[in-house]
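**Q** Here is what each chain is made of, one letter per residue.
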Amino acid sequence: MSVAETLTAARPRSGRTVSFLFLAIAITLIVATPFLPNYYVRVINSLLIYILLGIGLNIVIGYAGLLDLGFVAFYAVGAYSYALLASPQLDLHWPFLLILLVAACLGAATGILLGIPVLRLRGDYLAIVTLGFGEIIRIIINNMDWLTGGPKGIPRLDKASILGIQVARPIDFFWLLLVTVLVVGMLVWRLERSILGKAWAAIREDQDAARGIGINTTNAKLAAFATSATIGSIAGAIFAASQRFVSPESFTLQESVLIVLMIVIGGIGNILGIVAGAAILMLLPEVLREFAEWRILFLGLLMIFLIIVRPAGIVPRSFGPDKLIRRLFGK
Amino acid sequence: MTLAFDRLRKQYGQVVAIDDVTASFAPGLIHGVIGPNGAGKSTLINMTAGSYSVSSGSITLDGKRLDTLKKYQIANSGVARTYQNIRLFDQMTVLENLEVCFYPVDVAGTWKEVMWPPYASARRERRREKCMEILRFFDLQGYADSDAGSLPYGRQRMLEIARALVPNPRVLLLDEPAAGLNHHETAELTARLAAQRLPDRITIIVEHDMDLVMSLCDNIIVMHHGKLLFQGTPAEVQASPDVQLAYLGTANDIDDIRAAAQDRRAQLGIRARRRS
Ligand SMILES: Nc1ncnc2c1ncn2[C@@H]1O[C@H](COP(=O)(O)OP(=O)(O)OP(=O)(O)O)[C@@H](O)[C@H]1O
Ligand SMILES: [Mg+2]
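Read top to bottom, the protein sequences are chains Y and B.
Positions -11 to 319 (the numbering used here) are the ones given, in order, by the first sequence.
Positions 2 to 277 (the numbering used here) are the ones given, in order, by the second sequence.
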């Protein structure tokens, strides 16, 4: 047996059991959600929003290897797009799908806007500058009272409706978010496997060698920033529509950090990992409600534990959706 | 139709690494670049591939300036290279290391790849086929799905050359391809490089292994202190007293040069083992 064969054979067979467990939990949740009280549906909705955000940020962090700590800015762009275009604030009442499109475009534009100045930066420097960018957007929103309502935010947003069907109750948003997560997740996964996805991986591994094989790293990185920002912005628009209220408080640095944590804990560079990471970070506080003031401590301990036991995250990069499907359905 | 250096210079601050080198490299041949440590061999490769900027002078391929282009543009003009210290995409599989080289040709179809699954699988299959063919040529097909970083040192060297060959380059630059390889692996490498001598390909090999250089190269350039000391066929180089002097100070026997190369190989071997 060659070394290569030994290596592939070494992967544990227990993956199958875990895969089935994963699928079973997901299906049970989806089927049970319509029967749950609104409070729990809201928790699951915010879980789905975080998964969406995680999928977006993971493109930059996990695929291209660029540590972006300002992701929440794009989330804010999307949320305020909805808030301004569907509320009494400017007395605009655009249809939801149109706003979603506008938010996506604005998100992409902001992504490129951030991307251009930070193209030459890497590692810690990139992290600091993107962190600053996130804060700048939040401060701008805070100070443009005439447009954004400042710290008070924008209340009384329109009820969303899609092609005449009203989307207002938590359960409506559950279905909307579920479809969005599935569609976006699938497209992003296909993107990861495309030639552009491979180029992102090459940039992550060795940027200079990537240029040496003819990759225009500027364009590839801007594509990563733009796609990632688009998804963040779409998540923001849906978030605003479901809350029917936005304020700068939802877009603090802490949110950015939370999404990064989710990716790192779940499994960097892997969509399945994000689902796991989001589930843990969202459900942990619910389970530990009694010990609210200990939450951060628990999170810290969890991080340390994981870094020692599973440094690649709960679901490592090598166990992607394709592996899951193969484990589930043989071959 | 050649690769040409015209009064090429490279300075690092006060250090002159390349001093007015003028040379041209004809297609269809394998050109060897030899010279003592620090002679400027890697600097030549790095400037040609666009990894380093040129201080003055010019590099042209088929009459077109290369030195004014960005590194990725140089690669897309048909220049491929390997590095003195192996630089693979360690956490990508062996196959992916090659597939990603299709980026310049395939990137325009990214949207279609995402939105239209049959197109994506056709593209992937095409990439896979071409890359597997190259992997088979280097006897690496058994490693296709292993991470590149997990390969033994000698295989990594081969993989790096395989990656450079994916775009079927006009100019192939190899910086010490045999460094750290054992006798058997060096022999395999020599045979494979000989098979890659194509009529319109310009191959330039920087190497300390004199057996490899003498048996493989048609034309040899000897560098010394950044200057082009001598250019000629292997036989002419071996007969030149200047070259022997440059290499070993006082020696006058090609066997001594060989001994020096052995010595270096042993050093690199130690480094390679420590790395893995
Ligand atoms: N990045 C750099 N900065 C400063 N000096 C450099 C740099 N790279 C190379 N040099 C210097 O330029 C000269 C030529 O170096 P180069 O690496 O081209 O030599 P070489 O012929 O490839 O040697 P070796 O056989 O050891 O690989 C040396 O004196 C080296 O110290
Ligand atoms: Mg060198």
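If you are wondering where the hints come from, they were derived from the structure by calculation, not from laboratory data.
Be aware that one or more of the hints could be misleading.
[Unchecked claim] Only part of the chain Y face toward chain B is listed, based on derived beta-carbon distances under 8 Å:
(1) L135
(2) G138
(3) R157
(4) I159
(5) L184
(6) A189
(7) Q195
(8) D196
(9) G200
(10) I201
Here a beta-carbon is modelled for each residue, glycine too, at the ideal position from N, C-alpha and C.
**Q** If a hint holds in the structure, say so; if it doesn't, say that too.
**A** Comparing the hints with the structure gives:
A distance limit of 8 Å between C-beta atoms decides the matter here; for L135 (chain Y) the minimum to chain B is near 34 Å, and the interface restraint is violated. At about 40 Å, the closest approach between the beta carbon of G138 (chain Y) and any beta carbon in chain B exceeds 8 Å, and the interface hint on this residue is violated. Because the closest C-beta pair between R157 (chain Y) and chain B is about 32 Å apart, greater than 8 Å, the hint is violated. Proximity of I159 (chain Y) to chain B is violated relative to the hint, the smallest CB-CB distance being about 30 Å (cut-off 8 Å).
Given hint, L184 (chain Y) at the interface with chain B, holds; its Cβ is 4 Å from that chain's nearest Cβ, closer than 8 Å. Given the 8 Å rule on beta carbons, the hint for A189 (chain Y) holds: about 5 Å separates it from the nearest Cβ of chain B. With a least beta-carbon distance of about 10 Å to chain B, the hint placing Q195 (chain Y) at the interface is violated under the 8 Å criterion. For D196 (chain Y), the interface hint holds, since its Cβ comes within 8 Å of a Cβ in chain B; the closest pair sits about 7 Å apart.
Here the hint on G200 (chain Y) is kept, as its CB sits about 6 Å from the closest CB of chain B, short of 8 Å. The restraint placing I201 (chain Y) at the interface with chain B holds, with a minimum CB-CB distance near 5 Å, inside the 8 Å limit.
The structure fails to meet hints 1, 2, 3, 4, 7 from the earlier list, while all remaining hints are met.
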